[in-house]
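Trainee: First to last, the sequence lines map onto chains B, F, G, Z, U, R, H and D. According to numbering that gives the first Met the number 0, the stretch in the first sequence is residues 0 to 214, in order. According to numbering that gives the first Met the number 0, the stretch in the second sequence is residues 0 to 214, in order. According to numbering that gives the first Met the number 0, the stretch in the third sequence is residues 0 to 214, in order. According to numbering that gives the first Met the number 0, the stretch in the fourth sequence is residues 0 to 214, in order. According to numbering that gives the first Met the number 0, the stretch in the fifth sequence is residues 0 to 214, in order. According to numbering that gives the first Met the number 0, the stretch in the sixth sequence is residues 0 to 214, in order. According to numbering that gives the first Met the number 0, the stretch in the seventh sequence is residues 0 to 214, in order. According to numbering that gives the first Met the number 0, the stretch in the eighth sequence is residues 0 to 214, in order.
Any given hint could turn out to be false.
Stated by the list, open to error - Facing chain U, from chain D, some residues (calculated, C-beta under 7 angstroms): (1) 5; (2) 6; (3) 7; (4) 26; (5) 30; (6) 197; (7) 198; (8) 199.
Hint data in this document are derived by calculation from the structure and do not stem from the laboratory. We put the CB at the ideal spot given by N, CA and C, even for glycine.
There are 8 protein chains.
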Amino acid sequence: MADLGFARVDLDREARTGDPEVVYGAGKTPEQVAAILTALHAKHPERAVLATRLSPEAMAAARAVGAEVHEVARAATLGPTPEHHGRVGIISAGTSDAPVAAEAALTVATHGAAPVEIRDVGVAGLHRLLAVRDELATLDCVIVVAGMEGALPSVVGGLIGVPLIAVPTSVGYGASFGGLAALLGMLNSCAPGITVVNIDNGYGAGVAAARIVRV
Amino acid sequence: MADLGFARVDLDREARTGDPEVVYGAGKTPEQVAAILTALHAKHPERAVLATRLSPEAMAAARAVGAEVHEVARAATLGPTPEHHGRVGIISAGTSDAPVAAEAALTVATHGAAPVEIRDVGVAGLHRLLAVRDELATLDCVIVVAGMEGALPSVVGGLIGVPLIAVPTSVGYGASFGGLAALLGMLNSCAPGITVVNIDNGYGAGVAAARIVRV
Amino acid sequence: MADLGFARVDLDREARTGDPEVVYGAGKTPEQVAAILTALHAKHPERAVLATRLSPEAMAAARAVGAEVHEVARAATLGPTPEHHGRVGIISAGTSDAPVAAEAALTVATHGAAPVEIRDVGVAGLHRLLAVRDELATLDCVIVVAGMEGALPSVVGGLIGVPLIAVPTSVGYGASFGGLAALLGMLNSCAPGITVVNIDNGYGAGVAAARIVRV
Amino acid sequence: MADLGFARVDLDREARTGDPEVVYGAGKTPEQVAAILTALHAKHPERAVLATRLSPEAMAAARAVGAEVHEVARAATLGPTPEHHGRVGIISAGTSDAPVAAEAALTVATHGAAPVEIRDVGVAGLHRLLAVRDELATLDCVIVVAGMEGALPSVVGGLIGVPLIAVPTSVGYGASFGGLAALLGMLNSCAPGITVVNIDNGYGAGVAAARIVRV
Amino acid sequence: MADLGFARVDLDREARTGDPEVVYGAGKTPEQVAAILTALHAKHPERAVLATRLSPEAMAAARAVGAEVHEVARAATLGPTPEHHGRVGIISAGTSDAPVAAEAALTVATHGAAPVEIRDVGVAGLHRLLAVRDELATLDCVIVVAGMEGALPSVVGGLIGVPLIAVPTSVGYGASFGGLAALLGMLNSCAPGITVVNIDNGYGAGVAAARIVRV
Amino acid sequence: MADLGFARVDLDREARTGDPEVVYGAGKTPEQVAAILTALHAKHPERAVLATRLSPEAMAAARAVGAEVHEVARAATLGPTPEHHGRVGIISAGTSDAPVAAEAALTVATHGAAPVEIRDVGVAGLHRLLAVRDELATLDCVIVVAGMEGALPSVVGGLIGVPLIAVPTSVGYGASFGGLAALLGMLNSCAPGITVVNIDNGYGAGVAAARIVRV
Amino acid sequence: MADLGFARVDLDREARTGDPEVVYGAGKTPEQVAAILTALHAKHPERAVLATRLSPEAMAAARAVGAEVHEVARAATLGPTPEHHGRVGIISAGTSDAPVAAEAALTVATHGAAPVEIRDVGVAGLHRLLAVRDELATLDCVIVVAGMEGALPSVVGGLIGVPLIAVPTSVGYGASFGGLAALLGMLNSCAPGITVVNIDNGYGAGVAAARIVRV
Amino acid sequence: MADLGFARVDLDREARTGDPEVVYGAGKTPEQVAAILTALHAKHPERAVLATRLSPEAMAAARAVGAEVHEVARAATLGPTPEHHGRVGIISAGTSDAPVAAEAALTVATHGAAPVEIRDVGVAGLHRLLAVRDELATLDCVIVVAGMEGALPSVVGGLIGVPLIAVPTSVGYGASFGGLAALLGMLNSCAPGITVVNIDNGYGAGVAAARIVRV
Ligand SMILES: Nc1ncnc2c1ncn2[C@@H]1O[C@H](COP(=O)(O)O)[C@@H](O)[C@H]1O
Ligand SMILES: Nc1ncnc2c1ncn2[C@@H]1O[C@H](COP(=O)(O)O)[C@@H](O)[C@H]1O
Ligand SMILES: Nc1ncnc2c1ncn2[C@@H]1O[C@H](COP(=O)(O)O)[C@@H](O)[C@H]1O
Ligand SMILES: Nc1ncnc2c1ncn2[C@@H]1O[C@H](COP(=O)(O)O)[C@@H](O)[C@H]1O
Ligand SMILES: [Mg+2]
Ligand SMILES: [Mg+2]
Ligand SMILES: [Mg+2]
Ligand SMILES: [Mg+2]
Ligand SMILES: [Mg+2]
Ligand SMILES: [Mg+2]
Ligand SMILES: [Mg+2]
Ligand SMILES: [Mg+2]
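Excised from the complex, chain B in its bound form (with noise of 0.2 angstroms):
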């Protein structure tokens, strides 16, 4: 544990979880976000660190520490990714979803496994969907972002036997109440064996992928 003074920095998840600590930009001055991934990467040279939420501000500094900015995810990686195992489909029904989904793809890829992106297939065009069911068929695990109702898991999920992680996103407007409604839509999917993250969670929907495919 390395004591940052406004923070106590996890050195050693990785030992314990197999994962590495990652860095919550949010809430967090640019300097803060900087200092701790420096002091993270300081320790493990090997393999990338990630730090997620950044604001413009912090992914300068970011970048002014030698990290790597992903401006559709809002993130910054900073040192080499790792090898991957298992490929994770990430399958979003909007052009509104991409930062999510691009979340989810560079916390899988950083965790270890490889990210397939698949956009813009909302259920109100079936079509879209059935026409990349041979895809769907080489994934080890999909994750699946939609926001408004979120229907796609629902169907998605009676497509596939993989595990498959759904993330609602605040996209919509009224009654979706910052993606309330996606969230509980797919709490209560009657497709069976779907699990679900936090509105937006992009971050968490990648780390369990990634340990789901690495099991």
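Got chain B; can you put chains F, G, Z, U, R, H and D with the ligands on it based on the hints?
Mentor: Okay, now just chains F, G, Z, U, R, H and D with the ligands, sitting in the frame of chain B:
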């Protein structure tokens, strides 16, 4: 208007709106239900009067004044069914949605359109829905009934171009919150042109559909 | 289907459902809005393409590719308006409901029906609504737009027999909870046959109404 | 103040506020209800004491100590009704609102004003309300009782200039959420000067109205 | 009724209800506010017209057409204040409730009653309230304004016998949920005869109080 | 730790925290309650073991293994009450709050402090509370129990300087939403230093108070 | 697909997803449960069919057609249990969580993995959880079942690196709101990689876990 | 009591409750904050006056009248800190909880007890908390500050026997709903004797803790 003491019965709704007054059974005594059915039937003997949301006791009271009882729909009718114009599909997701679907179908029939019931075609087994696609193409309007995550209207809505009325049901548990999850899902559907009624309101959907196909 | 990289654009929705694909502007960059409008127009030059929920920047980008901008409705159209079949009333309660009513009216027009706007006839001054009763009688379908307590659909619904679509708006404060009060009011309307769309969803109401009057 | 062991009974509320203490029957045993009624009546034999929200058992216990029982209102009174000053209308939307309207009317009567009940004039059949407009003009204050969407106060509020107290009821199902929809509707009324009490609180509305007309 | 294009202005509300029409400034442009004020004043020059919920820009526009601006109340009046009948107390809990209390007081004054403001007497320092008990005894009606837990109406309600209107405010943070805690507290008050208006609705409370004291 | 098959009973909580393990009766069979009481008593015969939230059947089972049953508190104790240090007031607003207040008082007594019960001093009759002010001054800590609007803690909190724990109860109806109104009111109290426990959680308040006075 | 009139039974789910169709007993008559169990077993005699959420009557009906009944899990199986691959821990916080944990364990077993139950290790007595740390290290996946505040998954999640599925239960009272508190707690867990299913959904967690360990 | 026009300042709270009046900065102008600080300090120069929830402008105004500004806590003090009795731990889960923890610590210090801050010991890395167990054993009372799922108080509560006050923070996103998830988690804690304050209310927790340790 007939004043029965406990109620002012609207005898001329048909002239005003084209639809008959319907007895809402919840919160009324069996005697009140029977009395209103009789009063409305006396005024309009040529066309069936409908009573919904009946307790077993109210069904018995309705039967005693000559009404036909519809068990699954928890409803009764008194008088001859009108001629039918237009075909309204009532598509339901699961076995437990049957009472709401039956109420919708009976309402459609008493309001002058032909109901066509298609059951148990939930989205988690898409092949069931795709198997009835030809039948869908023959309908003038569809009512889609679903509980839990309420995703069926979105999927049906992408397949057809006729008006679609979604009915959330209270089927589910936990975070379905008595039908709230399905209601929110339907209100946020990414399929355009879907309209929604209250949870378990098969009656309201039936009236709307019958009005639409007689336009 | 046209793959623009960030979106799979549905070019054949009209064949499937009779309606054109519509660009949902929220969460898209001005460039993306302009690109999708252009791609859809290229495929269907004979019929107006619609883009909704546009920021001022997206309106400018739409204008730059030749679209007509509709300020109050925060929308743009590219291509000629189709011929109109049927008359759809758009009845609104107050001055602040104007943007939602305008989005509904424009959607009706681009989806093939004639919009008839009736404004500022809220229920607290009933004489305003009773004064337009003759005009109501000429309509094939009505869209009723109201915020705050959302009572207008119940009152209009008792006066007419044509299909009625209620649109709750986010107009109000305090316990209106962003349109929730109006939404719940409309879902619980004691006037039969009212159907409801999402808060502020003039677009959805317009699509539904246009489908109804072309049945 | 009389200390009955389980309760400190407020014997001097009338001196302080002009109103008698009233026994709230919910959560009290029949014996407690009877004991408090008796204690209050002993202190104020010249003016009726009221007990509300009584179970059938509590009604029997009240009757046994000489009280008059009001079945529909689920209430009892012990002692003579006071003289009446002012006329309070109790206007209710539907048949199922009867218990709440009856509680309000009885409270008005025991607090010194004359109740005038007008029933079953819900907004979906406006002609019923317009038919009693002359009667409305004779009232000094109105209580409006409605469940479901709770729109009646807005409409009545536009027709009159006397104080209006709205009482939401728990009549409804699904998204009425036990009266929440009606409560929110009334709080957001666009008719000015409407005030609101708790769901099903006919008693509170009656006290307020009686205070108003004796001002 | 004057049709200004964007609004149907109700010129005869006074004849119908005894109160003037009031301009609700939220969601209106400064120009619209000024135009409606002017139209109403032209029709009723003998009595002040009121506009509420004004932005700084709308205040300036109102001033430019001759209106008097009331900064704390975020409101404007055009024309002479009417003669006052009856005394209405406006009792507020804390400093932050001032704008809502000021809106209520101004509304009382423009609707024909004398406002009496009593400030910063929250229940956590009861001696402050007990110190003004004599003043309370001189009032014909009270408006009680409070945020946070909204307990002040219950305490005042136990001390007086005149009508009491409670106004919850959005003052607070965290689990106050924008005034919801205060609203629920007031609706559930154990002091009898309290009625409630929407969160921050000083206007509505003022109209109700003025109607009460002129009964 | 004793493993009873269905439960791992914590025999050493007292060593760790100074408090005995307590049996939470809800969701346990009468046999399970009796078995755990017996196991805990065998280990700690010198100090009373407590079981709360007992059904009538569980009370009988407790009595059968030698426990003393406390009817109002719906609880049972087995073994001698410990010596008392410090005085904890349990102040309740109304008659219906008695079970929660009794649970709190019994918990205080079994956790080593002297309970002092003060009942039915709700804020709508302030004189009742002011009448016990001298008694309040003798307490080391107070628990304030109230349902409905939950205003009593704010008023008591302004009168005393000792720690105050507020317990919202589910007493109320309509918009009390099962105690939510009281809970939110207490969390938002403007009296400083009030802390809150779960709705109806007399037990939790009792443990906290006993810990405080033995500090 | 077998059409039983009231249901379209999915006979080929195993081919599509690797899992058997499972009978959801809630909202079905005992006869329907027995009929579907029989139909599925006839098609797949070599592998156990599962029925969940059974009433006592449905359990009897299942037993009558030859099924084995699992009382605590409120479930029944018909046919031989499949061979097991992988070990899934089912870790529960308290005694009252037993039915949900049992449903999860039975589902795991019928879907092809070995369940390992660890009970009553709630976070308020951390030593109980730390005592089973060695056993945790032998698991391929864990299901964590907890009600009330639902904190157990966060603590377990920090100790292990295998996939973790959290199941909130409806155990609790007051502000647990039927499991909502536990659900929100689990969705917001600060331990990375936790995924969540619906309240009380032991079945869904079991399917997901079995899929994960057979990846 | 000093009447500053906009506020009645409570000069004698200390005599009544032992605590000084504190200025709540939210919703006050910088001038008002400075004026109240000055008035209170003039009356009680021997003991620090505290102002909380200050904007940067209010901090500047406070500094200008001689107050010491505490940046992280967003607070200011004017006058000498009192002598300290008792040790209060302020244990926080993550870096983002710092402002709330700092407000609590400063309040403890100005109310007469010694604050001991322990930071960043969230439950997902239990070893961090176990590492400070000896320090925990020296405390007389603890305040536990956590956002997201708010699980830390349950874990700490199982380790200690002194009073524990839980402070939920608004740290989190999505289904944390502004701190609601943490608040509900803490209210439902299975560790006995935990009490809770409003979301982000470090001040309230500090007052309560200081009162406890001076008992
Ligand atoms: N985007 C994210 N969403 C949720 N949790 C995250 C995210 N990124 C990182 N985390 C978690 O936050 C922890 C770091 O929090 P902190 O110590 O405040 O930086 C990491 O160990 C992750 O468990
Ligand atoms: N204002 C609107 N509200 C809701 N849905 C809309 C709106 N405008 C367009 N849509 C829907 O959004 C779809 C396009 O979404 P996208 O592919 O993200 O542009 C359209 O096909 C419509 O179904
Ligand atoms: N501050 C306010 N809060 C609620 N309603 C208001 C307020 N001010 C005016 N109103 C109402 O809004 C109506 C005018 O609305 P509008 O026609 O949109 O200007 C008035 O007749 C009042 O009934
Ligand atoms: N940060 C805070 N959170 C909650 N209440 C506070 C806070 N700071 C001060 N207070 C309370 O607010 C009161 C002062 O309110 P006011 O008279 O509006 O300045 C103080 O007596 C405290 O009870
Ligand atoms: Mg799209
Ligand atoms: Mg099925
Ligand atoms: Mg208007
Ligand atoms: Mg009726
Ligand atoms: Mg103050
Ligand atoms: Mg009492
Ligand atoms: Mg236990
Ligand atoms: Mg950290």
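Trainee: Now tell me if each hint is right for this structure.
Mentor: How the hints compare with the structure:
Interface hint status for residue 5/D: upheld, as the beta-carbon distance to the closest one in chain U is roughly 6 angstroms, under 7 angstroms. Proximity of residue 6/D to chain U holds as hinted, the smallest CB-CB distance being about 5 angstroms (cut-off 7 angstroms). A cut of 7 angstroms between beta carbons decides the hint on residue 7/D: the least distance to chain U is about 4 angstroms, and the hint holds. The closest approach between the C-beta of residue 26/D and any C-beta of chain U is roughly 3 angstroms, which is under the 7 angstroms cut-off, so the hint is satisfied.
For residue 30/D, the suggested interface contact is broken, since its CB lies about 12 angstroms from the closest CB of chain U, more than 7 angstroms. With 7 angstroms as the threshold, the beta carbon of residue 197/D comes within range of chain U, its nearest partner Cβ sitting at about 4 angstroms, so the hint holds. This hint holds: residue 198/D has a C-beta 3 angstroms from the nearest C-beta of chain U, less than the 7 angstroms allowed. Interface restraint check for residue 199/D: the shortest CB-CB distance to chain U comes to about 5 angstroms, inside 7 angstroms, so the restraint holds.
Checked against the numbered hints listed earlier, the structure breaks hint 5 alone; every other hint is satisfied.
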